[in-house]
Amino acid sequence: MSTTQDPSQVSQFDLERTPGEGGLGEAAAAYWERIKGGDLGSLPAILGVIVLVIVFGALEPETFLTEQNFANLLNQGAAIMVLAMGLVFVLLLGEIDLSAGFTAGMGAAILGVTLTNHGWAWPLSIVAALATGVVIGLMIALLVARLGIPSFVVSLAFFLGLQGAMLLIIGEGGTIPIRNDAVLSVMNKNMPVALGWLLAIIVIAGFALAIWRSAQTRRKAGLQAPATSVWAAKVVALAVVVLVVVFLLNAERQRENAPIVIQGVPWVVPLVVALVVGLSFILSRTAFGRHVYAVGGNAEAARRAGINVPNIKTACFIFGSTLAIVAGILLASRDNSVSPTTGGAQTLLYAVGAAVIGGTSLFGGRGRIYDAVTGGLVVAIIANGLPLITQKSGVQFIINGLVLLLAASVDAVSRRRAAATGH
Amino acid sequence: MAENGGGQLLSLRGINKSFGAVHVLRDVDFDVRAGEVTALVGDNGAGKSTLIKCIAGIHPFDSGDIIFEGSSVHVHGPKDANALGIEIVYQDLALCDNLDVVHNMFLGREVRSGVTLNETTMEKRAGETLKSLSVRTLRSLRQNVSSLSGGQRQTVAIARAVLWNSKLVILDEPTAALGVAQTEQVLNLVRRLAENGLGVVLITHNMADVFQVADSIACLYLGQMAAQVRAKEVTHGQVVELITAGRSGNLGLQPQVAAEAGVA
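For the protein sequence lines, the chains are A and B, in the order given.
Heads up, the first sequence is in the working numbering, so the first residue is 1 and it goes up one at a time.
Heads up, the second sequence is in the working numbering, so the first residue is 1001 and it goes up one at a time.
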C-alpha cells in the first residue's frame, strides 16, 4: 500500500508509533490491517479448530465431545506438535526435512533397544536417543549447508536410510515392548488435580508478567508501549483458554461408574508447554533466533551482514532432528512399544501439515513455535474425529491430503497477497 | 590525479585485480575525501562493482595499496572493512523483507543484554539515526521492510550504513529503481551524509544524479581509471566521453592506452 503513496503524504514524522499503544480499538484495527495484507498468523488454525469441533461435535456428540476424547486428542497430538516444532526450525530456513518422521522412529527404536534389550537406565537411554538426533541433524546439515545438495533430496535419502536402519535395529517385523514406568508415564499418566491448577496459574501469571515487563521496559526507554487494556485483553484471553482446558482435563473422564478414577492433566502437557516457552524464547529473544529468520528471509543479505549462514542452517537441522527424537520418545511412550513403522505412514505429513496450518510458511522466513501447537491441534482433531465418522481409510487419506493442500494454498495465497500489498 | 591533499579519507594506489584470465582492474588509483560525494561512473563491465567489492573486503586485491585516514591498511573481509568504518549499501539492498526496520538496521550486529536481544536500545538508536538524517518517511520502526516503498527501503539501507559511526559509505546505484520524487529524497539524503562529514562514494549511471550531488567524479574505463576530476570543472559531455572512450580532449587515458584497453 505504501508503494502507491505519494512521498508528501507519508511525511508526517511518526517514528515512535507502535501498533496497540492507543488501546484496544487501535490494536484491533492494526490486526485487521495485517490480516488484509495477507499476514494471517494463527487465524486459519484457530478458525479450523472451531469449525472442526462444531462439525465433529454435531455429527458425533456422544463420542467426540467427551472429556475422555479431549484428553485422548492431546495425547494423539503431542508427538505431532513436537515433531512440527522441529520442522518449524527447518521450514523457517525455507528447507524441508522429509526424514523427520523416521528420525522420530529411530529415536523410539534406540530407546526401545537400550531400555528393554540392554536394560539401560532410562535417562541414559533418552540421552543416547537425543544424541542420535544431534548426529542425524548434523549429517543432513553438512550435506545441505556445506555441500549444497537440496534438502529435499538429502532428507529423502535419509527417509529411506533411517527406515532401513530401524529395520536392522529392531529386526524385521519385530516389536520391542517398552516397560519402563518413567517413559510410559509421560503419555499414560496424569498430573494430580491440584498440580494441574498450579501449572495453569504459573503459565497465566508468567505470561502476564512477561508482557507487562516488556511494556514497562519500553515505557522507561521512552518508547511507546501497548496500552494496559491490550495487555489485559491478551492475559484474559490466554487465562480463559488455559483454565477451560485444565478444567476439562481435571474432570473425571471415566464413564458409567468405572472402578477407577481418571482425571488430571496428562504429563505430556507440561512437557509441550515447556518446549513452546523455551523454543519460542530462543527464536524470538536471542540473536541466534533473529539470524534464523534473516537466513530464511534473505540468505544473501544475512551473509553480507556477517552472519555465518551454514552454521545457522546446521543448528536448525540439529534442532529439527533432536525434536523429532523427542517426538519419537512420545510415540513409543504412547504405543507402549516400538515397531519398524513407528514414525512412518502419515506421521511426517501430519507434522508438516501442522506447522503449515499453524501459519509457518513453506517458503521460509515466517513461522513461530506455537504454530506447531495450534496447527497440531487441527491435525489431531481431524485424525481423531474422522475415524468416528467414516471407517473407510481411503476417505481418511483423501481428506488428510486435501487439508494439507488447503493449508499450503493458504500459505501461497497469503504470500502472494503480501507481495502485492507490501505487507 | 590525487587532488589537493586535505581531508583525504581513502586513497587507492595501483590496484590490480584479476578473475582467472580476466584482468578486471589495472593500476587503479582512486581518492575519496571526507565531507564530499565522489561519484564513481563507468560503463557496464568497467569494473565499478569489482572496485567497491574490493574496498568492502568481499574480494581481495591482487596488488596495490589502500590508504585509509593516512595509514596503509589491509582489508581481508567485510568485518575488517566495517571495523575501519567502511559501509556499503548494495544495489539489491541486502535487506530481509520478513524483518522490521530495527532488526534490519542491526542485522548481524545486534545489541544484546546477556543472551537476550536488547530491543529497546536498538529501537532507540535506530530512531535517533533516522532523525539525524531527517528521515520523515517511515510510519513505524516496527513495520516489516516488505511493506516499505523503494525509496523507504533505500533509506533504511543507508541509515543502516550510518548507524555504526561509519566514515565511508559506498552506495551502489541507489536511485536505479526509484521514481522521480523518491530519487530526489535519496539524493538529498546522500548530500546530507556528506554534510555530516562522511566520505560518500556514489555509483550511478545517471549523469543528472552525478552533477546534482557529486563533488568529484571518477571515471572507470575498461578496468582503468580514465580520470578523477572535480565535478565543477567538467561538462556533462566530457564525462560521457570519458565513460565511453576513456578520454576527452586532454583528460583521460593517452590515446594509445585507451585504444589498447579497448582491444584487450
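Check before you lean on any hint, since a few could be wrong.
Among the chain A residues that face chain B by a calculated CB cut under 10 Å, a handful are [unchecked claim]:
| id | residue |
| --- | --- |
| 1 | Lys36 |
| 2 | Gly41 |
| 3 | Ala58 |
| 4 | Asn72 |
| 5 | Arg179 |
| 6 | Trp212 |
| 7 | Gly222 |
| 8 | Leu223 |
| 9 | Ala227 |
| 10 | Arg285 |
| 11 | Ala287 |
| 12 | Asn298 |
| 13 | Glu300 |
Because the hints were derived from the structure by calculation, they are not lab data.
Each residue gets a CB set at the ideal place from its N, CA and C atoms; glycine is no exception.
Now for the hints, and whether the structure bears them out:
1. Lys36: 12 Å, violated
2. Gly41: Since the shortest Cβ distance to chain B is 13 Å, the answer is violated.
3. Ala58: 39 Å, violated
4. Asn72: 37 Å, violated
5. Arg179: Violated, about 40 Å.
6. Trp212: At about 15 Å, which exceeds the 10 Å cut-off, the nearest Cβ of chain B leaves the hint on A:Trp212 violated.
7. Gly222: 7 Å, holds
8. Leu223: At 6 Å from the nearest chain B Cβ, A:Leu223 passes the 10 Å test, so the hint holds.
9. Ala227: 16 Å, violated
10. Arg285: At about 5 Å, which falls below the 10 Å cut-off, the nearest Cβ of chain B leaves the hint on A:Arg285 intact, so it holds.
11. Ala287: 5 Å, holds
12. Asn298: At 5 Å from the nearest chain B Cβ, A:Asn298 passes the 10 Å test, so the hint holds.
13. Glu300: 7 Å, holds
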